[in-house]
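Q: One-letter residues, chain by chain:
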Amino acid sequence: MSRLRRAWPVVAVMLATVALGYPVALLFGLPLARQRMHDLSNWVTATAVAQPVAAVPDGGNILTFDAAPVSGVLVRDGTPLPGGYRQDGGTVRLAAPLARPAVRLGPALQGPVGAAGLLYRLPSPDDATSPLYAGGKLLHEGADPSHERADGRATTFTFDTASGPVAVGDRVLVQGRDYRAKGRQVTFADAPPFNADVRRITGDYAVLDPQQGVVALAGPTATPPRVGRDVVRLAERLRGSVDGTNRTFAFEHAPVVDIDPARRLYVNDRALSSTPERPQERVDGGRTRFTFASSSGLVTVDGRLMTPGGQYTRDGPVVTFAEPPRRNAEVRQYRDYLVRDLRAGTITLAAAPAPGSVVWAATYDYYARPACGTTLMQCFFGMPQHPVPFPNWIAARIVPYFTHYPITDPRNVVRGVLYTAAGTVSALLLGGAFGMLLAVLFVFLRPLEEALLPWVIASQTIPIIALVPVLLLILGNAGITVQTSLIPTALIGAYIAFFPVTVGTVTGLRSVDPLALDLMRSYAASPLQVFVKVRFPAAVPFLFTSLKLGAAAALVGALVAETESNNRLGLGYDIVGQVQAGNVADLWILLVISAALGIGLVALVGTLQRVAAPWDRP
Amino acid sequence: MGAPASAPTPHGPTATAAQPVVIRADKVCKTYRVRGTEAVALEDADLEVCQGEFVSLIGPSGCGKTTLLRLVADLIQPTSGALEVAGKSAAAAREAREYGFVFQAPVLYDWRTVLANVTLPLEIMGFARAERRRRAESLLAMVGLETFHRQYPWQLSGGMQQRVSIARALAFEPKLLLMDEPFGALDEITRETMNHELLRIWGRTGKTVLFVTHSIAEAVFLSSRIVVMTARPGRIQKIIHVDLPYPRSPETRESERFFQLTTEVREALRLGQAAAGVAARGVDGRPGSDGGAGAP
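Taken in order, these protein sequences are the chains called A and B.
Under numbering that gives the first Met the number 0, the first residue of the first sequence carries the number 0, and numbering increases by one thereafter.
Under numbering that gives the first Met the number 0, the first residue of the second sequence carries the number 0, and numbering increases by one thereafter.
Just so you know, the hints here were simulated from the structure itself, not pulled from any lab data.
Quick caveat, the model's predicted, so the values are computed rather than measured.
Where is the CB? At the ideal position from N, CA and C, for every residue including glycine.
Incorrect hints may appear among the rest.
[What the hints assert, rightly or not] Here are a few chain B residues that face chain A, going by a calculated C-beta distance under 10 Å:
| # | residue |
| --- | --- |
| 1 | 28 |
| 2 | 31 |
| 3 | 33 |
| 4 | 72 |
| 5 | 93 |
| 6 | 98 |
| 7 | 104 |
| 8 | 112 |
| 9 | 122 |
| 10 | 123 |
| 11 | 172 |
| 12 | 174 |
| 13 | 193 |
| 14 | 247 |
[Stated by the list, open to error] Label pairs and their in silico Cβ distance ranges:
| # | chain 1 | residue 1 | chain 2 | residue 2 | range |
| --- | --- | --- | --- | --- | --- |
| 15 | B | 34 | A | 451 | 26 to 34 Å |
| 16 | A | 603 | B | 37 | 50 to 58 Å |
| 17 | B | 156 | A | 443 | 43 to 51 Å |
| 18 | A | 512 | B | 90 | 53 to 61 Å |
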C-alpha cells in the first residue's frame with residue numbers, strides 16, 4: 000500500500016506529461032497533412048462533360064441544364080449548333096427553334112431485374128454513357144465507393160455519404176436483410192467477395208456493370224426510365240480569343256490531368272488529336288533531321304516547345320533542328336495541340352483557329368479537390384495515418400489487434416508477447432549467469448580482469464543491430480535457427496545483458512566492509528567460506544540492481560534479434576511488419592506492450608530481490 | 000614498564016594470584032610505510048596480560064592502541080619484536096581461534112538476522128546446528144536481545160547492534176576478548192549501561208579482556224589495569240593498577256578512589272602529551288596537534 004502511495008506523484012507527472020505532450024505531438028502530423036493537401040496524386044479527379052438537357056423540352060426555345068459551364072456551346076453529335084442563342088447560367092434561350100427536337104427518347108430500360116426491384120438493363124451496352132430520362136426529367140448518375148477495399152473478410156464499410164442503397168458488384172442489397180446501415184457505416188450480413196465494388200448509390204441511378212448494361216436506380220419508379228438519344232448538350236467553350244492569331248486557350252477547370260485518354264477537344268466539328276507523334280529516327284545525340292507522320296504540328300524536345308524558324312526548320316514531315324537533340328531526348332510532334340500548363344489548364348493549338356470558329360471540350364479530366372478535404376484541418380483530421388495517432392484510433396485498434404489471429408496462431412499477439420518474454424528471460428538467465436561467473440573470476444584473478452576487461456568493454460561498443468545478422472548466419476549454419484530454438488535470441492540478448500551484471504557484481508564483490516573481512520580473518524575462515532558467507536551476500540543487492548539493467552538490455556537484444564529473424568514470431572518481428580505496413584496505431588500499441596513487458600520483467604526481478612534479499616531496506 | 004607489579008585484581012572464583020600469562024608482547028614495533036616515508040605506529044611495546052584480567056589501552060589518537068590490538072589479533076604483523084598469545088605465536092593463536100574481536104563499529108552482516116549473525120562464527124567453525132542455535136539464544140538472552148532473533152541489523156539501534164557484536168564475539172567461547180573502542184560511537188547513557196553489561200558478562204564468563212578506549216572514566220570503571228599510551232611514536236607511558244573492588248556498580252563512579260584514579264590517568268596522559276609535544280617539536284617545530292584523551 001505504501002508503495003502505491005509513493006507511486007502516485009510519478010503517475011500524476013506521467014499523466015500530466017501525456018495530457019500536455021500528446022496534443023503537441025499530434026501536431027507532428029501537420030506537415031504530412033499539408034503535403035497530402037498539395038500533392039496532386041492525393042486529389043479527386045472529376046470529368047467535365049457536355050451536359051445533356053435537364054428536361055425534355057416541349058418545343059419551346061428555352062433549354063435548361065442542371066450543371067452548366069461558364070461559357071457553353073450547344074452541340075449535337077460532335078457538331079456545334081449554329082449561333083443565335085444566349086446562355087445565362089443553366090438556361091439557354093434560342094433565337095429560333097431547333098430543326099430537330101433537343102432530346103429524342105429511345106426505348107425504355109428492361110426491368111426491374113433482380114430481387115431488390117431496383118435493377119434495370121439498358122437496351123444496349125452502348126447506352127451506358129447516354130443520359131436517362133424518367134418522366135421527362137434527366138436522371139443524375141452518382142455512386143460513392145467505400146473507403147475500405149473488399150478483402151473477402153471485412154464486413155464493415157464506410158462511405159462519404161450517409162444515405163442511399165448499397166450495391167455490391169452488380170447486386171443491390173436489401174437493407175435490414177443483407178446489411179445494416181448506421182450513418183456512414185454499413186455492416187453486411189455476409190462479407191462482400193474479394194475485390195468486389197462496394198458502392199452506395201447517391202444519385203438517381205448508378206451504372207453497376209457497363210459491359211452488361213446493368214443499371215441500379217436509387218428508388219423504385221412507376222415507369223422504367225428511357226434512354227435519351229440524339230440529345231443536344233451544352234459543352235464547355237475554352238477561354239481565349241478567336242481572332243485568327245491567338246493559339247492559346249484555357250480550360251475552365253484546372254489542374255488538368257496529365258495523361259487523359261478521355262480528353263476530347265474540338266475546333267468547330269473537327270476533333271483534335273492529342274496523341275504525340277514520335278520521330279522515325281533514333282535520337283542518337285548527333286542527328287538533327289527527323290521525320291514525323293504529319294507535316295504540321297508543335298515540336299517539343301524533352302517537353303520544351305521549339306520555335307519554328309529559329310530552333311528548327313520544317314520541310315513537310317521532315318524537321319531539321321539547329322542543334323542536335325541530346326541522345327535519347329524525347330522528341331515529339333503534337334499535330335493539333337499541346338497542353339502547355341497542366342496547373343493553369345492552358346493549351347496551345349498548332350494552328351490559330353479562324354475568326355468565328357468555336358474551340359470547345361466535349362470531355363476532359365481535371366483534379367477537382369484534395370481527397371482529404373478542402374482545408375488543412377480537414378486533411379489533418381482525415382488522414383488515414385498519423386505519425387502520432389489519435390487516441391481513439393489506438394483504442395479502436397486494440398480489440399481487433401488482439402483478436403486478429405486466434406490464440407492457436409503463432410502470430411497471435413499474446414503468443415508474441417510470451418515468445419519475446421521467453422527469449423528475454425532466457426537471455427537474462429544466460430547473460431546473468433555468464434556475467435556473474437565473469438565477475439567472480441575478475442575479483443579472484445586480478446590479472447584475468449586486466450587482460451579481459453578491455454575486450455568486455457569493446458564487445459559492448461559493437462552495435463548489436465550489426466552483429467545480429469552475423470550471429471544469426473553463424474548459428475544458422477550450425478543448424479541452430481530461430482525457427483526451431485530460442486538459443487539465437489537468448490545468445491543475442493545475453494550478449495548485451497551480461498555487461499551490466501559483470502560490472503555490478505564486481506562492484507558488489509568489492510564493496511565488502513574491510514572490517515567484515517578482518518572479522519572473517521579473526522575466525523580463521525577459509526577463502527571459500529569468506530566468499531560464500533560474506534562476499535557473495537554483500538554483492539547480492541548490487542547483483543539485483545544490475546540484473547534489472549540486464550533485463551532491460553536483454554529485452555532490447557531479444558527484440559532486435561526478432562526484427563532480423565524471419566520466423567514471424569515475437570514482438571520484434573511484429574514491429575517490423577507494422578512499420579512496413581505503415582500501421583502507426585498498431586506500432587503504438589506494440590510500443591506500449593513492449594514497454595509493459597520491460598517494466599514487468601524489471602518488476603519481476605525486483606520481486607525476486609525482495610524474496611531473495613529481504614534484508615535490503617525497502 | 001615491565002611486568003605488572005602485582006597480580007590482577009581478583010573478580011571471581013577463578014581469579015587467583017598466580018594466573019598464566021595470556022598475552023606477552025616483547026619490544027613489539029610496527030612501522031607503516033606510506034609513500035616512501037616510514038611512520039612508526041608502535042615502538043617497543045612490552046606488555047603482559049594474565050588470564051582473567053581486564054586491561055584497557057588508553058591514549059590519544061595515533062598512539063598505537065588499535066595497532067597493538069590488531070597485532071595481537073594477527074590482523075597485521077609486527078615489524079619487529081616478539082608477540083605471544085595464549086602461549087603460541089599470534090598467527091597460530093588466530094588459527095586456533097583463541098580470541099574474539101569486537102570492532103568500534105558493530106560490523107554485523109546486513110543479510111543475516113540477529114540470530115544468524117551470532118551463529119556465523121559457529122558455522123565457520125563447524126558447530127552443529129542445534130548447538131549453534133542453543134549458544135546464540137543463550138548469548139542473546141545474556142545481552143538482553145532475546146526478542147530480537149528475527150530482526151535484521153538495520154532494524155536495531157546502535158547500542159543493540161554493538162551488543163549483538165559482543166554476543167557474536169563470545170559465541171565460540173574464546174578465552175580472550177579483544178575490544179577496539181566498542182562503545183566509542185554510543186552516547187554517554189548507553190555507554191554506561193553497556194559498561195555495566197560488559198562487566199557483568201566478564202564477571203560471569205571470566206574472560207581475559209584487552210580493551211581499547213578513549214574514555215578515561217570508562218577505562219577506570221572497567222579495568223583491572225590501565226595501559227596509558229602516548230602518540231608519535233606510539234609508546235606505553237604508564238601502567239596504572241586499578242584497585243576498585245569488583246563487582247562495580249554506579250556508586251563506584253562516585254567513590255573517592257574513582258576520582259583519584261581518573262586523575263592519575265589524566266595526569267599520565269598529560270605527561271605523555273607533553274613528552275610527545277617535545278618530541279614532535281624536536282622533529283618539525285610544531286606542537287603535537289592531537290587533542291587530549293576524551294574527558295570523562
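Q: Indicate, hint by hint, whether the structure satisfies it.
A: Do the hints match the structure? See the list:
1. 28: 21 Å, violated
2. 31: At about 16 Å, which exceeds the 10 Å cut-off, the nearest Cβ of chain A leaves the hint on residue 31/B violated.
3. 33: 17 Å, violated
4. 72: 6 Å, holds
5. 93: 6 Å, holds
6. 98: 7 Å, holds
7. 104: The hint holds - residue 104/B has a Cβ within 10 Å of chain A, the shortest such distance being about 6 Å.
8. 112: 8 Å, holds
9. 122: 7 Å, holds
10. 123: 5 Å, holds
11. 172: With a closest approach of 13 Å, the residue 172/B hint is violated.
12. 174: With Cβ-Cβ at 14 Å, over 10 Å, it is violated.
13. 193: 19 Å, violated
14. 247: 28 Å, violated
15. 34/B <-> 451/A: 26 to 34 Å: 31 Å, holds
16. 603/A <-> 37/B: 50 to 58 Å: Holds - the Cβ-Cβ distance for residue 603/A and residue 37/B, about 56 Å, lies within 50 to 58 Å.
17. 156/B <-> 443/A: 43 to 51 Å: For residue 156/B and residue 443/A the Cβ distance comes to about 37 Å; the hint is violated.
18. 512/A <-> 90/B: 53 to 61 Å: 23 Å, violated
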